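Peer 1: Chains as they are written, first to last, in this note's numbering: chain A, 1 to 311; chain P, 1 to 343.
These aren't lab readings, by the way, just hints derived from the structure by calculation. These numbers were taken from a predicted model, which means no experiment stands behind them. Some clues are possibly wrong.
[Unchecked claim] Distance windows between CB atoms, simulated:
id	chain 1	residue 1	chain 2	residue 2	range
1	P	R151	A	L96	31 to 41 Å
2	A	C138	P	S87	30 to 40 Å
3	P	L100	A	L137	23 to 33 Å
Positions of the beta carbon are idealized from the N, C-alpha and C atoms, including for glycine.
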Amino acid sequence: MAALLPTATPTRGPDDRRRYPNRPVWMGVPSKPVQAAKAVTIAFIVLVMLYPFVYVIAMSFASREAAASGGLFPTSFSLDAYRSILGGDVVTRAMLVSIGITAVGTTLSMIFTTTLAYGLMRTRDVPGAKFVLVLVLCTMLFGAGIIPNYLLVRSLGMLDSYWSLIIPGLISAFNMVVVRNFFMGLPSELLESARLDGASDLRIFTQIVLPLSKAVLAVIALFYAVGYWNAFFNAMIYLNDTTKWPIQVVLNQYVVQGSALTSIQAPDQPPPPGQTLQMAVIVVATIPILLLYPFAQRYFTKGVLTGAIKG
Amino acid sequence: METAAAGAPGGKDARRETSAGGGSGAGGGARGGNRGRGRDARGRATTWTRMKRERATYLFIVPGLLFFLIFAYLPLAGNVVAFQDYSPYWGIGGSEWVGLQNFAAMFNDPQFMRALTNTLVISFLQIVFAFPAPILLALLLNSLISERIKRVVQSIVYLPHFISWVIVIAIWQQVLGGAGPVAELFSAIGIDGVNIMSDPDTFKALVVSQVIWKDIGWGTIIFFAAITSIPNELYEAAAVDGAGSLRRTWHVTMPGLVPVITLLLILTIGNVLTVGFEQLLLQQPAVGSAAAEVLDTFVYYRGIAGGDWGLSTAAGLFKGVIGTILVIAANKFAKRLGTEGLF
Chain A
1 MAALLPTATP TRGPDDRRRY PNRPVWMGVP SKPVQAAKAV TIAFIVLVML YPFVYVIAMS
61 FASREAAASG GLFPTSFSLD AYRSILGGDV VTRAMLVSIG ITAVGTTLSM IFTTTLAYGL
121 MRTRDVPGAK FVLVLVLCTM LFGAGIIPNY LLVRSLGMLD SYWSLIIPGL ISAFNMVVVR
181 NFFMGLPSEL LESARLDGAS DLRIFTQIVL PLSKAVLAVI ALFYAVGYWN AFFNAMIYLN
241 DTTKWPIQVV LNQYVVQGSA LTSIQAPDQP PPPGQTLQMA VIVVATIPIL LLYPFAQRYF
301 TKGVLTGAIK G
Chain P
1 METAAAGAPG GKDARRETSA GGGSGAGGGA RGGNRGRGRD ARGRATTWTR MKRERATYLF
61 IVPGLLFFLI FAYLPLAGNV VAFQDYSPYW GIGGSEWVGL QNFAAMFNDP QFMRALTNTL
121 VISFLQIVFA FPAPILLALL LNSLISERIK RVVQSIVYLP HFISWVIVIA IWQQVLGGAG
181 PVAELFSAIG IDGVNIMSDP DTFKALVVSQ VIWKDIGWGT IIFFAAITSI PNELYEAAAV
241 DGAGSLRRTW HVTMPGLVPV ITLLLILTIG NVLTVGFEQL LLQQPAVGSA AAEVLDTFVY
301 YRGIAGGDWG LSTAAGLFKG VIGTILVIAA NKFAKRLGTE GLF
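Looking at chain A on its own, in the form it has when it is part of the complex (with noise of 0.2 Å):
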């Protein structure tokens, strides 16, 4: 990893300007133990990260050997948990219904949220458009809490429904100001001269301001995702039927809390230790959100960015 750091090199020669050409003359160069100091303090940050994940992801592969003897990484590998967890209904179930939740309340959210982004991008012309982006902006500044939320859903009878877990989350109103302002960046020229051809609304939202904005649909689109498949605590006061639950609950009843695991598939052999079934669940419960992160991860800054900017 030092060898990526600057060289340490007093003067710059040819090879130094060519490995960074944008690099100023007056910035000179760390001396050596600056940069042996980053170099560890860079390493050491990512040690932090990343074990934790490489850890349990090696240990849901263990055998049951292997998890056995313990160690920071496992020898000698095996399925075995995967085919349990999976093989038996609580986690597999789990999995489909964050699934579908993540599925549906993404969408309608998107829906939701870049009509509404759209219907406010004019609050100059829309008489009104003003005030309800206004009292979209103070729900930033405070939420109700808890009980009366609670009463609120129950009272609209979404108790045990999958509703519960998707409605009243429905419009972010950070994501909202997010995508509103990416619209409004964009060139109003082109707007106009749809409008004076006689595009609708509708069109001009369907097929020019949603097309020309997917860089930052899709951001809000993997935090809309995330939010949903990482939803637990209204999973866990809104559902009392436990064959609803989604994953995040599933995971803390058998991981965190440490319940055992009842439905596991174990027919002619003693199911894996605990802890690799645990290790197991982890996994999968993540393994969606480390799919969906490459896709979006150079928009984050973009997305985050815009949200930033004063409302």
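Given chain A's structure and the hints, the job is docking chain P onto it.
Peer 2: For chain P alone, kept in the frame of chain A given last:
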């Protein structure tokens, strides 16, 4: 933000005229002539005419507006439960009003006071340790010259932000818990029975470490943006004047970061009564409520789990009102200091 899509004020009316039709076929009536129907004495479109023209736009706004009215504003009214001896059987309409009795009971409740203390202690620790962490990381990564290393490290440190608290705690438990490799390392050097995850004495340090682990990377994004917007000439001038890299960081980078830091501090102060709800709820069974009870978990355990609706709503309302007051006050204060503030 009001700069919206609208052009210069002068050209606006003409534009509206033509843009009016939309898909709805509305607005034809206002076309042709500056003083037709639906215009005031000065020839401007009246609000009503403008509303009729934009009726298609309202179709875009109404669903979202309804959502926020029902799921953000209606529950605010639900806070009246704080002033009631609420029973789910009688509902809000039928329950007895008790004035401030719930609030009095709340302040006399040792559990509530403990939750309040824990919340403030954890918040304080987070402001001291977790708040500056992303700033330091951003400065460190910014000082790297290899763009490649910078990007790789960034992708790695962003990752935990996207993992749920349940997964974070499950993973930490596997690594730091009694059966994990860290406990093994300790027992290898002769210290047995180490379980960092269930030790009430060190729990608050654990909570702050988890927060740093999860969000240090994500927090750097905004500081990176601020650093990028500092003009390079400032650095160059400082370098010409003989400032080394530390002095440049202190005298050029830091002043550039101050507005962002102020902004985020306002938000942090406004959330001083909100500390990782799920994070603490999930770990409370392992360390006990003396160490892990905070306002949110108090509200949950007393209200939804315990059925003491009035008292827990009062605690939630107390938390919400103080939080809102703090944000507004911090924002005023920041403006007085000469920074832009949040709103």
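Peer 1: List, from low to high, the hint numbers that the structure doesn't satisfy.
Peer 2: Of the numbered hints, all hold.
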